[in-house]
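Undergrad: Going by my numbering, the residue at position 38 of the sequence shown is 38; the numbering climbs one at a time, nothing skipped.
Among the hints, a few may not be true.
Straight-line alpha carbon distances no greater than 30 Å define the calculated BS3-like cross-link-like pairs of lysine-lysine that follow [what the hints assert, rightly or not]:
#1 K402 x K372
#2 K402 x K86
#3 K202 x K212
#4 K435 x K86
#5 K213 x K199
#6 K372 x K330
#7 K345 x K372
#8 K212 x K199
#9 K402 x K435
These are calculated hints, taken from the structure and not from any lab test.
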Amino acid sequence: MGLFQAIGVASILPFMNLVLNPEMVETNQWLKWFYQWGNFQNLQSFVITVGFITLGIIILANAISALTVWMRLRFTWRNNHLLSQKLLYSYLSRPYSFFLNRNSSDLGKNVLSEVQQLTNGFLIPFFTLISDLFVVLFVLLLLFFVNPSTTLVTLLLLGVPYFIVYWLNRRRLGITGVQRIRTNRERYTSVNEAFGGIKDLKLMGRESYYFKKFSSASHLFSNLMISHSLIGSLPRFALETIAFGGIIVLVLYLLRTGGSAGEIIPMVSLYAFAGYRLMPALQQFFLSLTQVRFNYPTVLKVTEELLGAEQVVPEEIQNFDAIPPLPFQKEICLERVNFYYPDVKEPVLRDISLTIPWRTSVAFVGPTGSGKTTTVDLILGLLDPTSGEILIDGIPLTNGNKTNWQENLGYVPQQIFLSDDTVTHNIAFGIPEHKIDYQAVELAARTAGIHDF
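Can you build the whole structure from these sequences, using the hints too?
TA: Structure follows, in structure tokens:
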């Protein structure tokens with residue numbers, strides 16, 4: 001794209017020279033050859049033709065640039081979809097124990113917000129950075145070919161200030177990026193907890209606590225975004241002053257050295273048009289560079305989450321095909337079962353052995369923290385014993401037959417979860433529309449006394 005932008009800029013110079021000095025047709029070998037090849041009848045028709053060719057080159061250069069932008073956006077946003085999909089899949093395939101130590105709002109933030117931030121704040125700016133780098137280089141090469149000394153001065157006047165601003169703020173941008181991740185997590189957590197416990201908050205009148213908690217995190221988050229955006233945007237205003245002032249100085253310099261209007265106007269036209277291309281490219285290059293630096297911690301965060309998924313053995317995500325249940329007609333046995341939660345030194349269950357005969361009712365009774373829920377989760381196959389065995393009719397419960405065992409189970413949780421959907425879809429929870437057995441749904445609704453809902 002940078003090459004075509006430079007060609008578009010370069011096409012202006014011969015056209016402006018031809019307009020101001022039509023006699024160039026006789027002195028310039030390329031123009032003379034084209035004039036003779038085209039068999040033009042007069043200079044006016046020749047100049048008009050060259051003008052349309054120049055316009056066509058500029059249109060083609062911009063069309064190629066637009067196509068490049070489309071391809072870049074298509075690539076980055078498809079990667080946004082694939083990354084968020086891969087991250088969600090990695091979370092869903094983790095064992096149940098993984099979710100016991102993770103905040104659900106933080107996981108949701110990673111899938112939705114952080115991956116999108118990676119796309120908007122890193123991938124798109126990174127490719128823009130590469131594209132604008134080539135634009136700047138090709139335009140500078142063109143200017144250097146025309147007038148080396150003026151090009152070097154222009155590069156120093158425009159490039160050095162950007163470099164200094166970035167060098168002074170690079171460390172701050174990285175720290176600010178880490179703080180953005182932390183404050184964004186606090187925002188999501190505050191909102192999730194407030195709505196999740198809304199009944200208790202209303203009953204106890206504690207709404208202000210979560211409102212203030214969210215407001216504090218949101219205020220800091222907005223300040224961090226303002227700070228990062230200012231660093232990327234402010235240098236533009238100073239550079240515009242330098243650029244326009246530079247054109248005035250260039251004209252005065254050329255006049256002082258004895259340049260004629262025929263020499264000055266094409267030169268100034270070239271630099272004005274080059275500045276039109278170069279200034280936005282330089283500014284966008286710098287802005288993209290600050291965004292890449294600011295959002296680099298987000299890249300590390302998402303990468304850490306994805307790599308963490310590869311270090312555990314994933315559980316298979318079911319496709320709703322028929323799964324034969326594990327035979328169960330005798331008993332459930334726990335033999336010398338011990339269980340430790342991750343990063344906890346003391347076991348929740350120590351050397352537990354018990355037998356539950358088929359078609360019997362059992363209640364686990366004990367104080368909070370004694371392991372009642374943990375025992376049920378082990379029997380359900382949600383957790384794996386640290387040591388010991390769970391036997392179903394004498395068959396050890398393993399990762400290989402866990403799904404078959406769960407086909408036998410019905411489960412009523414301590415805390416009811418209702419999805420934002422119809423009663424039918426809540427009864428047939430997680431089953432696609434075309435897989436729902438509506439007779440079974442109706443039977444379940446009548447049994448639970450909610451058929452009239």
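Undergrad: Could you grab the alpha-carbon distance between K402 and K86 and see if it respects the 30 Å cut-off?
TA: The hint holds at about 24 Å.
Undergrad: Given the hinted pair K372 and K330, is their Cα-Cα distance within 30 Å?
TA: holds (23 Å)
Undergrad: Can the restraint linking K213 and K199 be considered satisfied, given a maximum Cα separation of 30 Å?
TA: holds (18 Å)
Undergrad: Compare the distance between the alpha carbons of K212 and K199 with 30 Å, and conclude whether the hinted pair is satisfied.
TA: holds (18 Å)
Undergrad: With the threshold set at 30 Å, check whether the alpha-carbon distance from K345 to K372 stays at or below it.
TA: holds (19 Å)
Undergrad: Between K435 and K86, is the straight-line Cα distance small enough, at 30 Å or below?
TA: Holds, because 25 Å separates the two Cα atoms, which is no more than 30 Å.
Undergrad: Between the alpha carbons of K202 and K212, is the straight-line distance 30 Å or under?
TA: Roughly 16 Å between the alpha carbons, so the hint for K202 and K212 holds.
Undergrad: Below or equal to 30 Å on CA atoms is what counts here, so check K402 against K372.
TA: holds (20 Å)
Undergrad: Given the hint that K402 pairs with K435, test it: the Cα-Cα distance must not exceed 30 Å.
TA: Distance of about 22 Å is within 30 Å: holds.
When the structure is compared with the earlier hints, no violation turns up for any of them.
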